[in-house]
Amino acid sequence: MSHSRDDADALLADTVRREASSVVAFLYRLTGDFDVAEEAVQEALVSALHSWRRDGLPDVPGAWLTTAAKHRAVDLLRRRARQRRLEGGLDAPLDSALDGPLDGPSWSDGLPGPADADDRVPMLFGCCHPALAVEARLALTLRAVVGLTTARIAAAFLVPEPTVAQRIVRAKRKIGSAGIPLAIPGPEELPARLDDVLTVVCLAYTAAFLDPSAAGQGGLAADAVWLAELVCATLPGEPEAWGLLGLLTLQQARARARFEADGSLVLLPDQDRSRWDHRAIASAERYLERAAVWRRPGRFQLHAAIAACHASAPTWAETDWLQILTLYDVLVRYDGSPVIRLNRAVALAEYAGPERALHEVDALADRLSGYHLLHATRAELLRRLGRTDEATAADREALRLATEPVDRDILSARLAAAQERSAADA
Amino acid sequence: MKYVLMYTSRPDLDEAVPAERQAEVYQQIFGWFEKYGATFVDSGAELQGAHTATTVKAPADGGGPVVVDGPFTEAKEMIGGFSIVDVPDLDAALAMAREWPALVFPGVAVEIRPIVDHGEM
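Top to bottom, those sequences are chains Y and B. Here our numbering is used: position 184 in the first sequence is 184, and no number is missing along the way. Here our numbering is used: position 26 in the second sequence is 26, and no number is missing along the way.
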């Protein structure tokens, strides 16, 4: 059996997405030690990639991974037991964990999986617990539930690898020592806690949104969609979960049109809408219909409804701006952040003209002075009003503040075009 | 799991609360302790004000411990009391703490800290 390195890597990515969190949850249940469970699966993933590249793919990769992780967990527990013996402690609880069902059922016979699919969502709630800092929730979710490596997480969020590693270690330690349950909370806490979970999933997607590489679009973005699907499958009665899945599906549907072949960004007004994935758009619309049944609107459903308006418009000019504006007016009741108001102003410009929109944008200038898109939006409105010098100054400020390469390219191109026009006029 | 709940407040802000209102919330606190009676390993203690505190500190350089008038910290927040609870997990402790009646006053907070279990070490 001979397989290329790409095959092994693709299968590993797929297996990780489907199996890793189940295996972590399974080992956690057996050992009662989240740290050991998570560490064991990470080690198993590393050895999986190594040996699959060498020997080809196993018949049942999930079972292979489970067996490998189980061995690692036993090793880790033995190592700790030995350490505790050396320190003069008791190791009876560890022995019982070792002798317990770890050596019981064998997964190598191709059973579907070691743990119920439902185990992953309780773990997701634990990783996104409000007792953890938001950055830690994100890093831990991506490692423990999605199965990404620390290096990959660090690259996605432009954070040094040791920083991410430390966040994960601290978060895992706190889950153990503070008694954070890996469980779906009861009905009273569920709405707020679900919002925390969905926020982390959305942040994971956002990190991939402007990354034109395969790692961004095929990897992290797809992982975030997968997480949203998982939440919907486990909590099908939660409209905000469907709202987020709808939103991410709509964003993914436009992914192909969002970048040129050279990786440069294409903004929504300029996208070739025939390149959108219209089947994905139809799926997203079904998710949103499903969400709407409960008549419990929320910010993710509203964001998704706005994205759906864009998705169903044949062109930017023919977009239903009144509808979008109305949706923004409802959305600001759930999320009054200045960024939402800025987005609303863009819709207002299309509906009521640049002058009124500029008035709104200027009112936000104090709170968003460090945000490149405030200045880029101002520049666009000023240009439409014929105030070209002010527009150029605003674009320059936007370029000064922008950090994403794709954003910087667009702003540089705008400034170059403005310079050409003024040279032609002179 | 066992946790200590530390009930803290800002004495400077407490002064602004009318005595009548304070008495009212005090009654609710009795009710709260009754409601969660079964979870307490030790219902703990309510402490006298920070102005009654005396602190023994490690010396800055050499010599023996130093006795100082006042609390150990110069923070505005003060621990006004504590209890020890035994509940299944952090969420159960959080649910209790969220209902702490004094949280209607500005500056009030409840800190939850797990207790080191020497039996497991």
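Hints are computed from structural coordinates only; laboratory data are not their basis. All C-beta atoms, glycine included, are put in the ideal place defined by N, C-alpha and C. Be a bit skeptical, because a hint or two may be false.
[Unchecked claim] Below, a list of computed lysine-lysine pairs in the DSS-like style, where the Cα atoms sit at most 30 Å apart:
1. B:Lys76 with Y:Lys174
2. B:Lys2 with B:Lys57
3. B:Lys57 with B:Lys76
4. Y:Lys174 with B:Lys2
5. B:Lys76 with B:Lys2
6. B:Lys2 with B:Lys35
7. Y:Lys174 with B:Lys35
[Stated by the list, open to error] Partial list, computed: chain B residues near chain Y (C-beta under 7 Å):
8. Asp91
9. Gly107
10. Val110
11. Glu111
12. Ile115
Does the closest beta carbon of chain Y sit nearer than 7 Å to the beta carbon of Ile115 of chain B? violated, 10 Å
Is it true that the CA of Lys76 of chain B sits at most 30 Å from the CA of Lys174 of chain Y? This hinted pair holds, its Cα atoms lying about 27 Å apart.
For the hint on Gly107 of chain B, just tell me whether its beta-carbon gets within less than 7 Å of chain Y. violated, 21 Å
Holds or violated: Lys57 of chain B and Lys76 of chain B, Cα atoms, limit 30 Å. holds, 19 Å
Checking one constraint from the list: CA of Lys174 of chain Y to CA of Lys2 of chain B, max 30 Å. Satisfied? holds, 15 Å
Would the hint on Asp91 of chain B stand, with a C-beta cut-off of 7 Å toward chain Y? Holds: closest Cβ of chain Y sits about 5 Å from Asp91 of chain B, inside 7 Å.
Given pair status - Lys35 of chain B, Lys174 of chain Y, alpha carbons within 30 Å: holds, 28 Å
Holds or violated: are the alpha carbons of Lys76 of chain B and Lys2 of chain B at most 30 Å from each other? holds, 28 Å
Supplied contact hint for Glu111 of chain B, tested at 7 Å Cβ to chain Y: Because about 12 Å separates Glu111 of chain B from the closest Cβ in chain Y, which is outside the 7 Å limit, the hint is violated.
Status of the hint placing Val110 of chain B at chain Y (closest C-beta pair under 7 Å): violated, 13 Å
Mind checking the alpha carbons of Lys2 of chain B and Lys57 of chain B for me, to see if they're no more than 30 Å apart? Holds, at about 28 Å.
With the threshold set at 30 Å, check whether the alpha-carbon distance from Lys2 of chain B to Lys35 of chain B stays at or below it. Holds - the C-alpha atoms of Lys35 of chain B and Lys2 of chain B are around 18 Å apart, at most 30 Å.
When each numbered hint is compared with the structure, violations occur for hints 9, 10, 11 and 12.
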